[in-house]
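Taken in order, these protein sequences are the chains called A and B. Using the working numbering, the letters of the first sequence correspond one by one to residues 1 to 96. Using the working numbering, the letters of the second sequence correspond one by one to residues 1 to 605.
Derived from the structure by calculation, the hints contain no laboratory data. From the three backbone atoms N, C-alpha and C, an ideal C-beta is built for every residue, glycine too. Incorrect hints may have been included.
[To be verified] Pulled a few chain A residues facing chain B out of the computed Cβ check, cut under 7 Å:
#	residue
1	TYR21
2	GLN50
3	ALA57
4	PRO62
5	ALA63
6	VAL83
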Amino acid sequence: MTGAGGLLIAIIAAALLALFYLSQSGHVAATGYEINALQSRVADLRADQQQLIYRIAEARSPAVIERAARGRLQLQPLPVESVTFAETRSTEPRTR
Amino acid sequence: MLARTDSRGRALLLLIVATLIAGGVGTRLVWWQVVERDHLATLALRQLARQEEIPAERGEIVDSNGVLLATSIELKSVFATPPTIEDPESVAAQLAPILGLDVDALRDRLDSDDPWVWIRRRVEPAVTDRVAALELRGIGMLPETKRVYPVTGIAPGTTLAAQVLGFVNSEGVGQYGIEASRDGQLSGLPGSVTAQEDVIGRQIADSIRQLSEPVDGSDLALTIDAGLQHLLEATMYDTFRRNAAKGVTGLIMDVDSGAIRALATFPSFDANSYPQFDPELFTNPAVSRQYEPGSVMKAFTIAAALDAGAITTRDTFKDDNNLRLAGARIQNADRYQYPYGHGKLTAGEVLQLSNNVGAARIGLALGRQGLYEAFRRFGFGSPTGVDISGEAAGVVWNPDGPNGSGDLTAAQNAFGQGLSVTAMQLAAGYAAIGNGGTLVTPHVVAGWTTPDGTYHPIEQPPGERIMRAETATTVLELLTSAIDDGIAQAASVPGYSIAGKTGTAQIAGPVTERVRVGTDADGRAVYEKVTRHRYIDGWIDSSFIGLMPASDPKLVTLILIHRPATWGLYQMAERPDALFRRLAPQVLDYLAIPPDRPQQPVAAE
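The following block holds chain B by itself, in its conformation from the complex:
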């Protein structure tokens, strides 16, 4: 009996212990499974799941005919995990020649304590295939997107319209040009996904959860015509070399819409390998460089005076090659041939002879405030609003302001000195003369296509009327006579009427001079070196702007040669007006614009 009682007692004891243990385990389970569930699940997900960004595809850039100018491709980047490489010497010796790297430098990187290093990023597929074939332990590859610019430029080591397009840096951000100014539109929005991974990092299929869809970037269509761009680049690069110039800019713009059909600048760069180039090359001088334009401004002086009714085309202005204002003397460029000037000149003759004194007198006839306000109305001193990043405003001083010198400022401005403009402002101003007096906004983006395939043309704001239509027509006629009968006959094009103007201006810069500052105790002169900002002999900007055909202008073409080493108005290897004569027929032929002065028309049915 006693034994049975003992057995029951032990059983009861065991039951109590087992119940307590089970209760404890159960309580703990409830604690982990219910109370701490969310916290533990989060910790577990952190270990197993990864949130990854799904990059959006950057939009392409095409020209006005759909020619691909910029796109993105996937390339592989080679990396290494140095701790897993057993023989860095051997691996470096095998890899370096394939990747074009220095063997010693690569061996040092492979021999480092870093857990993970890039070896070379965004490598051509043919190269990565050779790397993969080696099957080296500790060497791997990851896909990365690279922005590429497939259209080769005419100059060695350049891509077409590099300064118009800009480029995308290694972080995928647009830099300079259209890539920068339209970065938000091109880049789109990345999406994200979470997924659990297995031990070797592969995503587990039924664990993938898409958090947000990526929104791809829009494709941009430019107003640039790749064929015309090539013609312009070929011509500008040729003169860049022949003149041994510091830089050249060429621009072709539609006068009615402000659409830029071609914009070429040299020196240029290869957008596919931009890190190898001087960053100074990345800015577009057509919009960012401000310079004294010289005589091309005379057309605007005459337009301003005619528009205000201050002069007529029959009025004459005395040119004695000697206009003195505020202690300064204004003379003509042809002062050595005509030391006493040309006598009485009409506005048309002022343009034909590119006469400084005559232009100054026309400016003064309008009045200094009238000329200043007209120049501002014509767009000088304000950005044009062109959709290329880095645009400068230029500088036009108020003659009565703190930086002005009264009539002297107006007289100098009248023939293009004492103010600074951009090539884009000049082209827009001449376009207004060509289109009947409306200042249009220059632009290079015609529209964009969203990922759903819808094309959105960009509606340009209506241009502002800056002169009467009659004024524009009159100035256009005067500019036509400047080519037909003036000193810029070199710009004339057989079969076509051309309206245009040349401009040459010296460039100011720092000049160090030895200046006498007094005498010493012995009465000997004491000199000091002083750096002053003044015009430098041999530094010029030489330009030509032409409207064609003058009878019904379609295009304005600007050519600017900056600091030709073959200096001089007459010694340049090729002057801008002569260059225009070489370029214009190619452009007119390319765009199939028929002659308006046909010499020998061919009759056809």
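Bound conformation, chain A alone:
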């Protein structure tokens, strides 16, 4: 192989390497934007999840439950006098 031929191959190889580098850089950048978009989506979903947790905790508030029980379900608290505690005569487990 002549000197000029070697030089040409070297130039072509360098050009291919440069193209490869550029394509990889572009690919990395594009993937980066995809990651950003996915991270943004994760953040949105996480915010939605937080909202749902908040709404559940709000709905479980004793005051909310009491209002619903008294209003919508027409329930009344059990009179305290009607509560009786059972006295256990034996602590032994029952056997069949």
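Place chain B on chain A using the hints.
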């Protein structure tokens, strides 16, 4: 030949010029690339890269059963860039109704010279969705974290245990309550990241460099039980309205550990929208308000005298409704029914009748320094150490000190006047009577969970013994008889033994009076308006403290009604002892504490 020579000369000249130019460019390149490299790289980074703080997630607060009381959510805040808005009138007209803003005020903001303005911060997702759908030029949204308190209170416009929890301000700093006292633990440490950005501000993926990881805050577990808190709040809010009171405080504490199971105060607020409320509501009166306690102190006077061996339960003390000390006269609350007193009373009868003269004589039998030292030992005049911010110490004057009046101070202190305490101190003191004589530290934080999921229970310091166990047992029996046979029978609870004491004290405040200061030249009286600090008719603090069940106390419950408009010991719409009778069965039932005086036990296998 000559032409060839000329050509060589020109070529040489060109070569020299080209070499000089190349040398100059090369030298300059070396200068920029090598010598000035770091400086230029820094300048370039400043233009392209941004260092951003990665906020740490603030820890959650849960109750003793894991019920979520405080958490953080991400909401979007709406902003505008006024210079890019072409028609502020139209944009304001579209945005204002969605965001609940005044159209004219919003148009003025959009029409301003400011490059960037907030329109409304931390908006509900449903609202931001509607804003986004408008696709208005010059209007944008940024995510921001908001601290939220999901559990609704029983009173309209309140959240559960608002004064216990406190809140977090718009800068993310805990204010009042647990949010303030445990701010460092809850908030964690922010991290930081640097990244280069493209022309529209997006981070370039391979340029992101994390400088430090954020350390999220710890989750806190409280001793508060949301169910019990609700019961207490419902009862206290009811009496707050019925008595048209200035304020009410209710507290339920475990006598053995000092764990506060419920702490309710009214008026209260909604921690989710705290800026709309008077900042005076943010402090917790159970720890910050000092007041004259009245007769609930008689139990401590008797405990101090019994513990020192100055009296026995068989000793009697003369009650003639007339104890004169240093020019002052001490009388009983029932002076109109019993103008000459009750005769000779034992310590138990002093508690049953809530007798001032008898309590004063017991205090004097112990001695003024002995009573002062005992009260200080019982925790009065010092903060309890409760983990709620803003605790006051109360005031107990040394009878022989510059603010003391000798025996008069001791006699007044013996029945709860002339000193000031906090509700928390009283509850801790009664807890000591209930647990055998140990002063425990009241607390609302049970432990914390670090981000790695490890739970760390808080070890409370061992309580200090402030009276002998026998003394505590004796005083507990006397307090039980005060309910069974005394004037506070309204506090008795069917099926349960209760030990407790009522207390009512007038409140001092500034009073403007017309005072004669002399006579004028014609001999006519001259009057001036003078403002004095004295007890005000109609201003009272009425309280009850109960230990239940008295046979083996588990809980101490304090109820305090501050300045009921339906004034008077007998005219109040609902007195604290009667309120206790309404509250206690619900609490005992909720915690499944069986009756210790069962009336009709149901036999079961």
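Hint by hint, here is what the structure shows:
With 7 Å as the threshold, the beta carbon of A:TYR21 stays out of range of chain B, its nearest partner Cβ sitting at about 13 Å, so the hint is violated. Given hint, A:GLN50 at the interface with chain B, holds; its Cβ is 4 Å from that chain's nearest Cβ, closer than 7 Å. Contact between A:ALA57 and chain B, as hinted, is supported at the beta carbon level, the nearest pair being about 4 Å apart and thus within 7 Å. Annotation: A:PRO62 was flagged as interfacial toward chain B, and the flag holds, the nearest CB pair being 4 Å apart, inside 7 Å.
For the restraint placing A:ALA63 at the interface with chain B, the shortest Cβ-Cβ distance is roughly 5 Å, inside the 7 Å limit, so the hint holds. Because the smallest distance between the Cβ of A:VAL83 and any Cβ of chain B comes to about 5 Å, under 7 Å, the interface hint for this residue holds.
In summary, the structure is inconsistent with hint 1 from the numbered list given earlier, while agreeing with all the others.
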